[in-house]
Amino acid sequence: MSRIVVLDYGSGNLRSAERALQRVGADVTVTADRHAALEADGLVVPGVGAYAACMAGLRAVDGHRIIERRLAGGRPVLGICVGMQVLFELGVEWGERTEGCGQWPGTVEKLKADVLPHMGWNTLRVPTGSTLFAGLDADTRFYFVHSFGVRHWTLEESEVLRPPLVTWAHHGEDFVAAVENGALAATQFHPEKSGDAGAAVLRNWLRDVVG
Amino acid sequence: MAVAVRVIPCLDVDAGRVVKGVNFTDLRDAGDPVEMARVYDAEGADELTFLDVTASSSGRDTMLDVVRRTADQVFIPLTVGGGIRTTDDIDALLRAGADKTGINTAAIARPELLAEASRRFGSQCIVLSVDARKVPEGGEPTPSGWEVTTHGGRRGTGIDAVEWAARGQELGAGEILLNSMDADGTQAGFDLEMITAVRAVVDIPVIASGGAGTVEHFPPAVRAGADAVLAASVFHFGLIRIGEVKAVLRDARLEVR
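Keeping their order, the protein sequence lines are chains R and W.
The opening residue of the first sequence carries number 1 in full-length UniProt numbering; numbering runs sequentially from there.
The opening residue of the second sequence carries number 1 in full-length UniProt numbering; numbering runs sequentially from there.
Rather than coming from a laboratory, the hints here were simulated on the basis of the structure.
All of these numbers come straight from a predicted model, not from anything done at the bench.
Every residue, glycine too, gets a C-beta built ideally from N, C-alpha and C.
Please note that the accuracy of each hint is not assured.
Said to hold, decoys possible - Selected chain R positions facing chain W (in silico; Cβ < 8 angstroms):
hint : residue
1    : 2
2    : 89
3    : 127
To be verified - Distance windows between CB atoms, simulated:
hint : chain 1 : residue 1 : chain 2 : residue 2 : range
4    : R       : 69        : W       : 110       : 32 to 38 angstroms
5    : W       : 55        : R       : 155       : 29 to 35 angstroms
6    : W       : 72        : R       : 65        : 30 to 36 angstroms
7    : W       : 2         : R       : 129       : 49 to 55 angstroms
8    : R       : 69        : W       : 185       : 34 to 40 angstroms
9    : R       : 41        : W       : 201       : 23 to 29 angstroms
Unchecked claim - Pulled from the structure, derived: some chain W residues nowhere near chain R, Cβ distances all over 12 angstroms:
hint : residue
10   : 41
11   : 78
12   : 83
13   : 118
14   : 138
15   : 143
16   : 145
17   : 167
18   : 215
19   : 252
20   : 256
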């Protein structure tokens, strides 16, 4: 059974993430303990609320370095919602600029849409070869709740590195809904709140990424 | 494709038990909110709302336990409203497994609560619940003609309901639950005029509530500007099933899950 740590850095409802992972067969611990987070088979970085507050919370438990260390060793990390956003270079909310973990280039900024937050169930545009969304129908919907997002994917192309798989969604405009990049994966939507569809994504992650 | 219209059943919970009559067969315990939550989840509900109508403080702990047990078994968003007074009340509910909290009377008494709560937890989990009605004859007129009420619609506040919704957004609410006290219980349809008026002044999601009687009532509420539709009795009494609402919305070329 895969040992998963849900990183507890003071952000919102962690119980749902814990339970949703248990539901698909993981052995889950919710903790901010550095050793446990480093040693786990998979690390889940949740996050709700403001970018600046999440980043401060993450730094307070040394989360950015834990992520870095794990990835250097090819150990799986899954960011969810603001836990995905903080993996990018920069967050801009209400004029406040916050440096993120910088695992991917790009800026998290306010979406241009008539109604925000983007709250509810939306479809995805999944690239071929996706592991997270394997076996799911094209019109499967996932639960989102956010006002900010990554509107442009700016990672330079490489001849030798395998490019990350980027999944898009649309609310007013296109934004990044998920990224699959080797050991590092992330979703803007909440798989733990997306019913059976979300369970399928978590199951895929456990089986084919965490292994 | 766009974000789907959410169909949300609301359960009134008193001391851990579902209050309004329930008409589901095949249920071991139709008075158990957790069991009901599972049924609605299986029927395709997009979210669930629990309204805590418990008066006693011991009942509050019971509610936390209900939320905990629901979050353990149901993996769709859960909003809990009723009796929330402080940011610590919100914290306890979020920790128990609620995703959003509905604030009503406490925000009328002290609007800053919305600002404090949204700063601490994020706007996305703060729903401003507005119980509104037409100002009755002899009442103090408001600019929009609607006023906010308390005590289940029995007491007027003289606060303009449309202005209050806009103020709520400014203070940090992430969503408006707009409940028409005039339409509530009539099963004669949503208050479309009021939905349109509130939609015009906020750009956060609006949940329309009050008045649903037949499936045909739902598409007009969405066309009037609602992002989500909420009902209680018609679902509990089995008069309308979640799937039927979605079918009618789909026929009206609205997106549903």
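Structure-based check of all given hints:
no. : hint                              : result
1   : 2                                 : violated (19 angstroms)
2   : 89                                : violated (22 angstroms)
3   : 127                               : violated (16 angstroms)
4   : 69/R to 110/W: 32 to 38 angstroms : violated (45 angstroms)
5   : 55/W to 155/R: 29 to 35 angstroms : violated (56 angstroms)
6   : 72/W to 65/R: 30 to 36 angstroms  : holds (33 angstroms)
7   : 2/W to 129/R: 49 to 55 angstroms  : violated (26 angstroms)
8   : 69/R to 185/W: 34 to 40 angstroms : violated (59 angstroms)
9   : 41/R to 201/W: 23 to 29 angstroms : violated (50 angstroms)
10  : 41                                : violated (7 angstroms)
11  : 78                                : violated (9 angstroms)
12  : 83                                : holds (19 angstroms)
13  : 118                               : violated (9 angstroms)
14  : 138                               : holds (37 angstroms)
15  : 143                               : holds (24 angstroms)
16  : 145                               : holds (24 angstroms)
17  : 167                               : holds (18 angstroms)
18  : 215                               : holds (20 angstroms)
19  : 252                               : holds (17 angstroms)
20  : 256                               : violated (9 angstroms)
When each numbered hint is compared with the structure, violations occur for hints 1, 2, 3, 4, 5, 7, 8, 9, 10, 11, 13 and 20.
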